[in-house]
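J.: Chain by chain, the residues run as shown.
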Amino acid sequence: MNWVAWAVFAVVTLYTIWDGVRRTAGAKTMDAFFAAGRSIPWWAAGLSVMATQLSAITLIGGVGMGYENGLEWVQFYFALPFAMVVLCVWFVPMYRKSPVLTAYEFLERRFSPSTRALTSLAFLLSRCLAFSVVLYAPAVVFSAMTGLDITVTVWVTGLLTTAYTVVGGVGGVVWTDVKQMVIIVLGIAACLCTLLVDVAGELGLSGALRALGAAGKLNAVEAHDAVWTYAPAFVGESAKGSFWADKYNLWNGLFGTFFLFLSYFGCDQSQVQSILTSKSQDASRRALLLSAFTKVPLQLIVLLLGCLLFVHRAAGEEPLLYDPAHEARAEALQGPARVRFEAARQEHTVASAERKERMADVAAGGQQGENAVGPYRAATQRAAAARKAARDALFDDERAVASLRGEEFKTPGDSNYVFPRYLFAEMPKLLLGLLVAAIFAAAISSAAGALSSLTAATMVDFYRRWLAPTASEQSSLRMSKVVMACWGVAATAAAVQFGDGPLLEKVNEVGSFFYGSILGVFVLALAVPRAGGRAATAGLLTGLSAIALVHATMQFAFLWYNLIGCVVCVATGALIAIVAPRRV
Amino acid sequence: MTAGVGSCHDARLVIPPSATPPAGDSERPPLGSWARTYALVCACAMLVIALLWWLSIAFEPGRTA
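If you read the protein sequences in the order shown, they are chains A and B. Read in order, the letters of the first sequence are residues 1 to 584 in the numbering used here. Read in order, the letters of the second sequence are residues 1 to 65 in the numbering used here.
There may be inaccurate statements among the hints.
Unchecked claim - Label pairs and their in silico Cβ distance ranges:
| id | chain 1 | residue 1 | chain 2 | residue 2 | range |
| --- | --- | --- | --- | --- | --- |
| 1 | A | Pro375 | B | Trp54 | 23 to 29 Å |
| 2 | B | Leu51 | A | Lys247 | 36 to 42 Å |
| 3 | B | Trp54 | A | Ala468 | 57 to 63 Å |
| 4 | A | Ala400 | B | Leu51 | 47 to 53 Å |
| 5 | B | Cys42 | A | His224 | 49 to 55 Å |
Claimed, not checked - One side only, chain A facing chain B, incomplete, derived with CB under 10 Å:
| id | residue |
| --- | --- |
| 6 | Leu80 |
| 7 | Ala215 |
| 8 | Gly216 |
| 9 | Leu250 |
| 10 | Ala292 |
| 11 | Phe293 |
These are computed hints drawn from the structure, not numbers from a lab. Glycine residues also receive a C-beta, built at the ideal position from the N, C-alpha and C atoms.
Starting from the given sequences, assemble the full structure and let the hints guide the process.
T.: Given below as structure tokens:
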């Protein structure tokens with residue numbers, strides 16, 4: 001990055017944070033600090049919901065996923081609009097009827113203190129882990145940008161986020177999110193325009209669509225696969241072809257994520273706080289529906305960036321390795337690993353040249369294009385396999401150690417470096433500054449939302465409920481800031497421990513262990529009037545145990561965990577409610 | 001303002017609110033009613049899924065979704 005990019009990045013980032021925080025700094029009450037005094041207009045709350053969810057992981061990892069696997073990940077979001085409607089009809093009135101500061105406070109009113117404490121604890125566990133992952137993703141970019149160690153960049157991101165969240169509270173986070181969302185959309189639009197111009201010059205837009213389709217990248221809906229088998233696979237068996245182990249398809253995209261989104265937006269404090277900060281019940285509904293309308297198109301565009309990047313690379317020069325750390329390893333390789341690496345490099349060069357030639361034919365269309373589809377697909381697969389073989393050769397030592405321990409070693413991917421590498425190598429410096437600011441904004445907006453919600457749950461559900469119920473507003477507020485700072489530092493330290501990997505999936509996998517069962521408790525509250533505290537607590541524990549059991553013994557795609565957890569929790573709670581209904 | 005106080009064994013405890021009650025609604029729902037708004041959201045979502053299904057099939061030779 002030159003000084004122009006640095007200047008754009010610094011001005012945009014600092015102005016965004018300063019302007020967001022100055023509106024709400026100096027909150028005097030817990031309500032003002034954790035719910036912005038219920039004064040946020042619907043459009044700001046809606047943009048905040050979107051910014052919190054559209055993290056740097058979604059940007060960096062989403063483009064990487066589009067590059068490697070095409071549009072298939074968009075199926076993950078298909079259920080979101082339907083979930084938002086359910087939330088508007090049942091959950092929003094539930095929260096707005098009683099003036100609560102956390103989602104779990106409602107559970108004490110409906111069930112018992114122990115139900116509130118348990119669900120809040122489950123939230124703290126899942127969100128703390130997710131917060132750590134959210135901090136790690138942008139560190140990838142800033143490490144590439146500055147040459148600093150990833151550890152240093154994680155600490156800088158974590159501490160900056162903690163500082164402005166402590167000063168501004170939830171109101172500061174929401175108003176900062178609004179500006180950050182604008183920057184993110186501008187950044188994505190700028191990148192899309194640049195790539196479209198590049199690809200249009202190389203193949204033409206219809207040619208690019210044909211090339212992407214032939215490479216299997218336009219796989220936005222997968223409703224059927226001839227190889228699917230419908231019997232669940234147990235651990236130790238091959239899960240190849242299992243419908244239940246398939247990560248992304250139309251069915252788990254509609255049914256698994258429906259429960260995930262209900263839980264995430266309806267029971268996760270990091271999202272519920274946006275519902276609570278809105279001016280009114282209708283404002284909360286409008287905020288959620290803004291996400292319902294915009295999330296799928298926005299995610300589609302992020303994946304499309306990855307697809308266009310694939311065409312751009314295939315039409316030009318595709319790097320063998322994207323991760324700078326892998327390149328450094330490659331330079332130090334010796335012996336048989338070096339031989340295998342060089343063979344992979346040669347294979348990649350040959351396959352890439354073949355792919356480039358055939359892609360031009362496919363893009364041109366006509367009979368010649370039809371005839372070129374088969375060889376083009378084969379060359380695409382060969383090039384991808386050669387990239388994988390090159391990465392495999394880099395990790396011979398680690399594989400040998402894992403083998404001695406009887407463990408399976410998974411070669412680290414490099415899809416998270418695809419987007420940063422393009423930005424730094426090919427973007428005009430002015431746009432680069434804006435895009436890096438957009439990625440940074442996405443990172444800190446998600447992290448700030450997580451941090452404020454972690455603090456709200458700790459303070460409202462534990463500190464003021466159990467430890468210091470008679471504490472004054474001022475001392476509670478002071479303690480909130482101390483707790484927030486502690487959470488920020490602890491989660492940043494945990495982020496340092498996470499290595500590279502498919503970041504996107506990590507967050508959602510972690511959440512899916514808890515989300516279904518927590519949702520089940522809220523469903524019991526709404527739909528089973530006879531259910532009391534015992535039924536809810538037993539349902540939650542059984543749901544969590546069921547997920548642990550399924551995870552340990554069977555091979556299910558993580559999206560199904562949400563459905564399983566919710567169903568087990570509700571079924572157990574309803575059964576107990578029938579046997580021992582609550583006393584009213 | 002004081003947070004909820006009480007025994008963890010009493011499930012029917014009445015807890016004082018930890019925040020002031022929210023303001024009432026005064027705005028008109030989009031499209032005149034919330035039911036119509038929800039119907040529009042669901043219809044748009046189904047339309048987008050159908051369009052993406054078409055895209056999946058239209059540009060991939062030899063594929064049926």
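J.: Against this structure, judge whether each hint is valid.
T.: Status of each hint after checking the structure:
A hinted range of 23 to 29 Å for the beta carbons of A/Pro375 and B/Trp54 is consistent with their spacing of about 27 Å. At roughly 23 Å, the beta carbons of B/Leu51 and A/Lys247 sit outside the given window of 36 to 42 Å. The hint said 57 to 63 Å for the Cβ distance between B/Trp54 and A/Ala468, and at roughly 59 Å that hint holds. Distance hint check: the CB atoms of A/Ala400 and B/Leu51 are about 49 Å apart, consistent with the given range 47 to 53 Å.
Here the CB-CB span from B/Cys42 to A/His224 is close to 23 Å, at odds with the stated 49 to 55 Å. This hint holds: A/Leu80 has a C-beta 8 Å from the nearest C-beta of chain B, less than the 10 Å allowed. A cut of 10 Å between beta carbons decides the hint on A/Ala215: the least distance to chain B is about 9 Å, and the hint holds. Among the interface hints, the one on A/Gly216 holds; its C-beta lies about 6 Å from the nearest C-beta in chain B, closer than the 10 Å criterion.
Taking 10 Å as the C-beta cut-off, the interface hint given for A/Leu250 holds, the closest approach to chain B being about 8 Å. Checking A/Ala292 against chain B by beta carbon gives a least distance of about 5 Å; that is within 10 Å, so the hint holds. Look at A/Phe293: its Cβ gets to within about 7 Å of chain B, closer than 10 Å, so that hint holds up.
The structure is inconsistent with the numbered hints 2, 5, although it conforms to all the rest.
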